[in-house]
Structures are given as structure tokens and as C-alpha cells.
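**Q** Start from the sequences and build out the full structure, keeping to the hints where you can.
Chains X and S are the protein sequences, given in the same order. Note that the working numbering numbers the first sequence so that position 572 is 1000, with each residue one more than the last. Note that the working numbering numbers the second sequence so that position 210 is 234, with each residue one more than the last.
Accuracy of the hints is not assured; some may be wrong.
To be verified - In silico DSBU-like links for lysine-lysine, alpha-carbon gap of 35 Å or less: (1) X:Lys471 / X:Lys834; (2) S:Lys243 / X:Lys909; (3) S:Lys102 / X:Lys471; (4) S:Lys102 / X:Lys773; (5) X:Lys473 / S:Lys123; (6) X:Lys1123 / S:Lys102; (7) S:Lys102 / X:Lys474; (8) S:Lys442 / X:Lys773; (9) X:Lys462 / S:Lys442; (10) X:Lys1303 / S:Lys243; (11) X:Lys524 / S:Lys102; (12) X:Lys1103 / S:Lys243; (13) X:Lys909 / S:Lys102; (14) S:Lys243 / X:Lys995.
Calculated from the structure, these hints are not laboratory results.
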Amino acid sequence: MIFRILIFATLFGLTNSLSAAVDFDRDVATILIKRCIECHDSKQKKGGLDLTTQDSLKLGGESGSVVTPGSASTSVLIDLIDSGLMPPPAKGMTQKLPAAEIEVLVRWINQSVVWPAGRKLDLYERTTDIRGGRDWWSFQPLLAAEPPIPLTDHRVSNMVDSFVLAKLTEHGFTMAEPATKQVLIRRLYFDLTGLPPNPVAIDDFVNSQEANAYERLVDQLLASTHFGERWARHWLDLIRFAETCGYERDQLKPNIWKYRDWVISAFNDDMPYDRFITDQLAGDEVPYRDEESIVATGMIRAGTWNDEPNDPADYQYTRLEDMVHTTSSAFIGLTVKCARCHDHKFDPIRQTDYYKFANAFWSGFVGQSNLGGPSEKELGSTAFGWTDRSREVAPLHLLINGERGKPAELVAPASISTLPRLERVYKTAPQESNTTTQRLQLAHWLTDKEHPLTSRVIVNRLWQHTMGEGIVRTPNNFGFKGALPTHPKLLDYLASKLRRDGWSMKSIIKLIVMSNTYRQASVNVNQLEYSQTDSLNTTWWRANRKRLDAEQLRDAILATSGQLNLKLGGPSFFPQMSPEALEGLSKKAGAWGTSPLSERNRRSIYMMTKRSRLLPLMTTFNFTDTTLPCGQRDVTTVAPQALALLNNQFVHLQSAAFADRLFTLHPDDFDEQIKSAWLLAIGRPASDLEVNASKQHVLEQQDYFNNTVQLGAERTDALSVKGGLSVWLDATQRLELDADKRVISWGDSSGSSLDGQQPIDAVQGEPTIRPSYVSNGLNGKPAIRFNGKNQYLKLTAPPLSKQAFTIIAVARDASDDNRHHEIFSNWNSRGRSVNSLFLGTTGNGTIRLSDAFNSAGQIPDRNIPFILTGFNSDKSSNTYLNGAELASSIPLKGRVLAGPYVIGTQGNINGEYWLGDIAELLVYERALSRTELNQVWSYLSLKYSIALKTDSKSPRRLALASLCHVLLNTNEFIYID
Amino acid sequence: MSSMNELYSRRATLQRFGTGLGLITLPDLLDAAPNPLAIKQSHFKPKAKHIIHVYLNGGPSQVDTWDYKPRLKEFGGKPLPVSHPTEREVGVALPSPFKFRQYGESGIWCSEVFQKTAAKHADKICVIKSMYANTPNHEQSMRLMNTGDERLSRPSYGAWLTYGLGTENQNLPGYVAMCPGLPVADSSNWRSSFLPGIYQGTYLDTRNETVETLIANIKNSRLSPETQRQQLNLLVKLNRDHQLARTDDPNLEARIQSFELAYRMQMEATDAFDISRETQATQDLYRASTVHGRQLLIARRLIERGVRVVQCFHGDVQPWDTHGDLANGLRNLGSQADAPVAALLTDLEQRGLLNDTLVICGGEFGRTPATEIPIGGGIGTGRDHNHHGFTVWLAGGGVKGGYSYGNTDEFGYRAIEKRTHVHDLHATMLKLMGIDHTKLTYRHSGRDFRLTDVHGHVIDEIIA
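**A** Below, the structure is given as C-alpha cells:
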């Protein structure tokens, strides 16, 4: 007791306020809520004591009364607190209240324990310094604010700037200078489309004098189909998207790529965000239910799924938690999952709230077979989507400690108590409904126009993915443990605008990128000073410099090398994995089916995301984890990334392709090659010094390659490879023409007759459908010209009898349609409609080498003469254009090789006629070796003046490729100012 | 200890040169930046130069390994008179199913789980039995043990050490973290956070066995080292020029350095990580056919080559998290870890490396002496997390051998004597490495940060 008296004396001396009147709400309630009622509430009532109401306080605890009104010194409450027994020590540390708080309670008791009538304390009613309450900023209604700096101010482009400038001014900061146009267009392209601008687009923009050139560019990029491909990726991270289940078997989730395409389209179509949420949660329950809306529900089951959990009954609750966690963090930035086992430690989310929320999914096919969801039949669709088992709500009990063995009360579907103004109990579904409609009602609650979180959370993400950091820098946590908004009024302004603009995300993105804040440079002349107090640039005194993420990096490399295939949508492609990366892939997971080359060069968002086998190049550059919602990717800088960019085969190939591209653009102009390299890779003209340094590098490297590289085939003007040659049609010889110079017979020069076989000629007996001979048809050389309507030739005998073959044609495709055109074919409607052999082109110059290899690469410009090769061995089938591989696939098997064969049409149908010239056609009854191929190509190249891509092996090209490689590795390439 | 100032004085150097590539030649450009991994002066004469941390992730049970508590038997099946809040609900006392005995001249107690290590090395080991942490959750405690802070985004102690001391081999990363898969809290365990990226731990997935798979892309199929150097010369030239107008961005510098390190790694990594260059006897000693043996053998090869800090996490996620079936689970884990750990100490000693190398073995916390009540009820066969008291042992690197420090209560529940917080362990590790933990700081966001924040007391008593 002496001790306590001492304390009191000290308190008295310190505060001299023993007589000041205590305000219950202001002074006392705060302390009780923060310190006491987590245990001493009406539910837990530890020690029998409930401190939430006046009556319960009077009742006291197990050992009787705890307060004596008017006499703190004899009150047990003070005794316990003062001695440090209450609150009890935690983690070995005393939790004794600070003297000032004890003093308040002493005064309160001495002043006869004032407690407003009917007042009931609630743990979550207000925020304390250890826990967020329902008064936490993010749960409050959006506030409208006047622009703090008038929109007429010359520094202000729109409302964004007004808020940002106001804060900068508070700190005595000024914005950085505007970024240069070159910097700005590169930044905008990457932010909006994930791709670099091409030199023409840069030139147009930089040289445009129009006042609204920037806005037009913004509009153009927002309207681009590539916008959705970029922004869908951010969303896929949030909903832990991948195309397989993970775990041991890692099965493919069939058709889930349709969900990915749905997200891309939703962004491209600027689907209103409320609809975007609703379809993903309840596309099977909406009145406008259709195939698309059902595809959208794939979100719910895009997570991992274990087909052999230790305890299947427990596992259902794990699945449920995944759905709650994904949707609550993606849509409202709250960690609702923390309340599965107990009331949330930091946010006003009760344990019952978790179960209220979880109810939305519990009536679905949680933890069933069918890869954790409804079967196609149950869903009524082939989509990989979600639905309920019936209209009956499946009972969900609160689980004590989250354990299945300890069910407590039944929890009815309802909204969470965190937002009392929006609180509602969900209704039972109408009689005619097939589902519970709980998810639909959850969606309605989320998209209620008064919901304070939904709109704040999404506009924060839109800001984050344009500016580099969110206004709230913990994008998936708007609760107590999250970061506070750096610009709360701006956040509310954007959130309100989103609703006003019909939930249009593009409208918000446009507002952001049109701001001067976005358009400022990434360096500020005052940065040394500003970074002293704001090194994290929370006030936006400059633009953040951003490192390309894994997808942007890979896509940018492909775009720069000219190899990017911009095909939209459809099933994912399988990237090529090194044997090392595939090592250990369990047989259960199935073989890795590498896609054809052209497919492999598609944008990264279309890359198969197999959870057990993510492409190392992507994970090295901080690809998302895919098992948990990811609101913000890590950005690391480590030596393995440098090793990947220095040595990975993909980067070598793209560097070589980039060099080829430069040679194609400027065949004989070294200076222009260098300048183009810079424009294409870095997006700006190189300085003279940079050009010189680059040239010097190429020359140095060329010296090295001059000494080390063995050239391929010697140039030759005669065909030297004749073994296995069964047909050789050459428009310079053995032609029989009619009076109109039409081909009666194009004779075989293979010399097969020499070894006892008949030559195989190409003939046409019917004069009206004979193709014509032109003496200067193809790069000045004779060729046979086909009219694309009805002209063709027939081979007099089948040239092939084995599956292995090599077909080489020198031709020009004059068509400009998207239809099929054939060079060589034995297609026959009678029994060979799928297993025949043909070589030809279809839309946009895409090669077809039989129906089994029907997307076999593409001829970039089919109107220019080319050497096209179709090849099949027991190891692979390949197509080559001008000596460079276009595509490869598994060996073609089971081709029916019987005749008749035709030249210039598709077998026995009256169609798919060739339009253009064929100058030479060689058919070998075997797979030629690489050296033999080089020899044949070299001969044809010289004869027809068609540059071979195999020339990329020349020292100069290798040296240029080395420069390209360096440029792709520069900081200027990977960091966007 | 002004390494950062040195590094960033390079800005001034660059600025002195003015802009433009033509003004300075390449070697100047390279030299202008002090190598951030170069050896730096320590505060005191170090006792240890390297750390190998055998990380038994998941929370190994102290009362079944190094903290012998015979009284648990008395209470077997009965409630203990003491209890402390942990993650889950616990029940009655669970006596250790393992046999204990004393080892060495020092008479250190150890169970059969680590009998090989104890039998051969008890007198080299310093057992700290009075460790405690803050939270009975893996993620927080992993971060506490590895970064000194439960929250996200603090530099790991390995990053602090390479920042403070540099490293002896410029051809290898200064800090390597190995794990077959990923431990809980993933890369935050070896992050550099606000320290420059070059100090981040280089993570290797040791499910991969060959050098080529362990360190992807280690070989260049196209260029000779000389021509690749030409490429890098041009690259560094272009990057330096790019950096001139962007001097305050540490990421740009980190990336430049990462290419230099990558280049140098190609020279040495294939050798350093190739355990097939060891004799069969050594491979057998470590049981190098197992992932644990392989990791520790690689660790020895790395510190032998001058790598500053090597962490070997026992396994994917948290293998030592024995909530159930402790008797079998722990025996199995011991059979994986014990022989390689014993081999490591033997090998280090034979090669004269143990004096210079601080070996640390332990997890993020320990386990309760009471059973954990299983989900759904029933009789508990395992133990819950326990941050109130656990054991970490040290060996070599200037610590007293055959020494037992601190104690838990009579049941091993809570550290009561010479309580040692994780911060204290960190302070002591730094001291052994020659660093005053209060003076190794880095200025970030307007304040000076350190590994131990405002905490940490060096345990001088365990230093030889």
C-alpha cells in the first residue's frame, strides 16, 4: 500500500489535475476499450468480469465488486492495474498501463464512476493505438472535397494535380519538370499496354505540334486491345490465377483460359466495375446469365486445389478460406480470413463475420471432386466456373478456433458488421431459383453505392499500376495494419468519380495519366533535399522510375526483336523449357508440350501458368506466386537475373532475331543498323557518342567471330544434294509449253530415271486450267504463274513413300486474302481429309504443313519471293523460311502418302488454288541433314537472289547481335523513367 | 563503416567527370565505383569470418533435443503447473520419447535425435537454452530470427553482415541462402530490403542437384569470357552514362553491380557448387546423396572460398513443425540432419576452418512441453509452437565449446535464467564477426536503422 500511495503522490505531483472532471467517452471509454474489454466483455467475461456496461461493472467479477465509487484507493480494479497484474503480461513483457491512464481511472472512480445511461462499450467501436475500430478511416463514407488548389492554377491539369500540389506545397516541395515527350510515350505505352512504342509511333508523337496529341495518344492506347492484356494481368495476380491445380499432380484446369480472356475483354470493353465484380462472384446467378457470365465465375476456383488432402473434410474449410481471402482482399482490401479462428486482432471483423462472408461460397461445390468445383453438367456449361448445389443454403457453423471438430452456433449469410450502415441479412432465394443467390447478394452489397471500400480499393489499384505505388501503399490491406493513404481526399475524389462515371475504370486511368503529376519527370532538381524527408516519394515530387515486370520485360524483348506474335486470346502456349528446368517433372504432371515457335512468341499473359513449372525467366523477375492473392509484386535485383539476361537461350535467340531485323531494315548500312537498334530498343535516337561506342563494340566482336565461326555451306551455283530427291521441278528447264506459253508439262530434273525409276513430271492436259510460264517471274528468274482461280498441275506418280520427307519450294504468294492456298498436296476428300500431306499458306501468310501442323509459322511478307521448306523426321517436323526455322512440332505420323498429288491446289477439291509464282520445287524422300539443307538453300539463294536468314551466322550478324544483346540488358531498357 | 558513403561518393566522382562517354575510358568508369562487396574494416578484431546457419525451420523441440527436462516424466499425462499462451490449445505434459545422456567432458545433455553431433562435438558446442522470441507464429518468428523484425521489409542479418564487412571472394555472392523449396516467409528471410540490392541473399533451390540446374544460366553458349567482358564493358559504359542524370537511384547501381557479380560468378560458381569434386569419403561423411548433406557440403565449399554468410534451411515450408506424431517425426528429422551436421563440424575442424566459422543451429522458436490438443480432440502426440523458451546452439567462430548458457524453467516452457532474446543472439553474432551492433547503421527514410533496432545485448559470457 505504501507503494500505491507513492504512485498517487507522484501522479498528483505530475498532473496536478486530481480535481479535473473526467469525460467518460473521451477519457475512460478509450482506456477500457483499448486495455480491458478484449477479455472483459459480455462474451468472454474473464474472471467473471464484464466491463462493457454500467450494470455489469457494478456486478463485479468472481471475487466481487471491482470499483468503490469515490474511493479509487480501495477499488480492486485500480489495485490490479496499478500492480501490473492487469492487463496481464504478454510475451514476457509487462502490459502495465502508463501512469497517465491509471490517473484517469483513479479520477474517474474518485469522481463516483460516471457512466452515461445505457452506454454499452464495444471492442470495435473506436480505433485505439493497438487496434482499428469501426471509426477507422477506410470504413467511413467517401468525403467530397473542393479542389484545394483551383483548377485554374497553371500548374494544375486536373483534380489529381490539385490534391497532389496542395500536399507538395505543405512540404515546401515543387513538382519535377514535365517529362520529355520521348520519356512520356515510353512510360505511357508500358503502363497502358505493357509494350514499348515502336519508332514510328514515337516519331509521330514527338514531332506532333497538335495541342491534344498527348490526349489522343492516351485515347488510342486505352482503346488498344493490348490495354486489356496488360491490365488483366494485374487482376490475375489479385485472384491468384494459374491454369493448374498445384500440388503433386498439378492437373490442368480445363478451359480456365477463357476466364483469362474474359478479364482481358472486360478491361478492353471498359466493363463497369460493379458488373465486373458481380459477374465474377455470381455470373451464374445474374438475370442476364450467359456463357460469358459463367466463364467469369472461374475467378472463384482459380486457386490451388489438392486432390489428396490429408483430411478431405478439413480441406473443405481450407478451400473456403481461400475463397474468402481472395475475394475479400481483392474487392475490399480486408484480411477477413484472419477472423476464421477468432475475432480479428486488428480490425473490427468479428469471427462471425468470417462465417457470414464465407456463407456465400459454402453452398457451392466446395472441395468436391471435379477439380474442386461443379462438373460441366452441374454447371450447365463447359466453362470452368462456379455454382451452388441447390437453392438451399448449406448450414455453416462458426468453428471455435476455426476447427472443424468444434462447431458453435449456426451463422446465417449476411454482410459483415464492420460497416454497420450497410449491414443486411441476405434473403433466401426465390422458389424458382437454382442457386442460393447468396453470392449475388454479396455482390450487391459490395457494389452498393454507399460501400466505402470497394471503390477506394480499386481506384487505389488503378493509381498504383500507373504511378508505381498506391495512395494506400498496402493495396490489399486497408485495415489497421495497412498503410494510411498519402492523399485521402484524392483517394475519395477518385472513388467518387468512379461511381459517378458509371464505374468506368478507363475514365479513372485517363484522369490519372492526363495529370501533370503523372507526366512529370522521374528526376527533380531538388531531389537531394526532398529525399531527406520524403525518400519514398509519398508526396509525388517526381514520377517513380519503374522496373519492367517479368511480362513487360519478356514482351518488350520480343517486340524489340520483331518476333512478338500479337495474336489475341485463346488457349495458352507452352514456352520452351530447358531440359534442366523440366528435370524432376513428375510423370503424373504429364509431358511438357512445347508449342510451335510462333505461338511461343506470344505475349506473356498467354503463357501457360503451370503452378509446379513456372518459367524460370519469369520467376527470376519476380513473377507472382500464384497461390495467394498478390496486390503488389516484389522487385528484387540479384545476380541470377543478370545471369538469365546474359546467358539464357531465349535472350540469345531474340538478340539474333533483333540483328536480323536490323539487316532486313537496312541491308547495307551499318550506321543505320546501329541507329535503328537504339530506336527500337531504347526508344530514342542514340547520341553520336553512343553510336560510336556501339560501332566500336560491333567491330571488336566481329574480329572475334571472324576467327572463331565456321561458316556454313559454301556458296554454290549447282544443286549438290541429290540423294533421295524424287521430284525436282525447275522453271529454267524441261518445260513443255503450249502456244500461249501455258504449261503442258513441267519435267522432273531429279534424274530419278537414272536409277531405274520413271521421272515424276507435273502435267496439265486441260488447256484452260494450265498455269503460265513467265520468263522474269521471280526476281528476274523464270517461274510458273498460277492464277489463284483454277490453274494447277498433277504429278504423274506419288513422289513419297515414307513419313520422312523434305519439301523445298521457291515461290511468291500474291494473295492478300485469309484463305487457304496450296503449293503441293495429296489431299483427298475420300478418306484423307485429315491425314493427307500438303504444304501451303493461309491467312496472313501462316504456313500449313498438313492438318497436323497447321500453324507452322508465318511468312512476314508473302508477296516477296521466299524459299519455303517443310521437313519431317522421326525427331521433329519443322518449317523454315529462307533458311531460318519458323516453327517446330512433334514428328508428323500416319500421313497417307498415296497419290494423286497436285501442284497449286488442294488435292481433289476444286479450290485453295495458288495465286502467284512457283519457280522451283524439290521433294526429297528423306529428312535432309542440317548441312544438306544449308547446301540446298545456299544454291537457291544464289540463284534467286533471296537472302538467307542463315546468314545470321555471319560474323557481322553475330557481332551486331551482340550489340543487340547489350542494348536489351541496359538499365535504360528495363527501367522506365 | 562508411561503406555507403564511399559507394555514393562515386556519384561525386562521376559528377566530377562531367557528362559524356568520351571523357573517360572504361577502366576509369569501372574503378570509379568502389566495389560494394570489397572487404571493409570491422569495428573489432573478428573472432569469426564466416557464418553457416543450419536452419531447422518449423521450430525444433528443445525438450526433445538439447534441453533435458526429466521432471516432464513425473507429470506425464498430467497437467503441468505452468502454462503460457502459445498458438493453439495445449493439454497435459508430454515427456520426451527420446533417450537423453551426457556427452563429452563438458557433460552436455543431448537426446538421441542429435546423438552423432553430440557424441563427436559436444565439447565444441555452446548451447543457449534460454532463447525467446515474441510470437508463436512461424512467419513473424522466421522474420525475427532472420531480419530482427517481425514485420515485412527489414534487411536480413546476412545482408547486414555483407553490407558491413564485404566479402572475401568477389566471384561469388557474399551471402547465399539454400533451401530445397522455400521456407515460410519466402524471400523475406534473405531480403536486402532498403540495403542496396547487392547484399540480398542469393537463393538456391537445392532440389536441383547439378551445378547447371542449381545456378540457372551459369554458362554462356555463345561467347568466350573475353567477348562477354567486351559486352559488359559496353553495358557498364552505357549504364554509367544513363546513371549520370539519375544519381540518387540505388537500384540502378545495384543492377550494374549484379551484372559484374554474375560475370564473375561464371568463373567460380561452377567449381564452388560442384560437390562431385570432393572425395568419395567426404561425400559419404556428409551423406551428400541427401539434400541436407549436399547443402552443408556446398556451404563448406562456399565459406572455404570466402563467402560471408551461408544459410541452409532444412526443407520446404516448415519440416520441424511437429504438431503431431512427434516421436516418429522428430526421429526422422534427426536422421536427416544429425549426421550431416556432425560431418560439417568434423570437416571444418579438420580443415582448420572451424575457428573462423561460426556455425549456428536452431529454428525460429521451440515447442511446448505440453501436448497440443489435436484438431477435433483426442490425445495429443505433438507439441505446439513455443516462443517463450527454446534452444539454439553455436560452435566454432570464437564461442566457448562445451558450454551451456541460460536455462528454461524445470519443464522447458519458458526461459527464466539468462533470458536471451533473438536480438541478443544477433548482437552476439555481430560481435563475433567483429561488429558493434549499435554502430552498424544505414540511413533510410530520414532515420538510422540497425539490425537490432534499439534492442540487443551482447552475451560476452559465451565468447571464448
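**Q** Which numbered conditions among the earlier hints are violated in the structure presented, ordered from lowest to highest?
**A** 2, 5, 6 and 13
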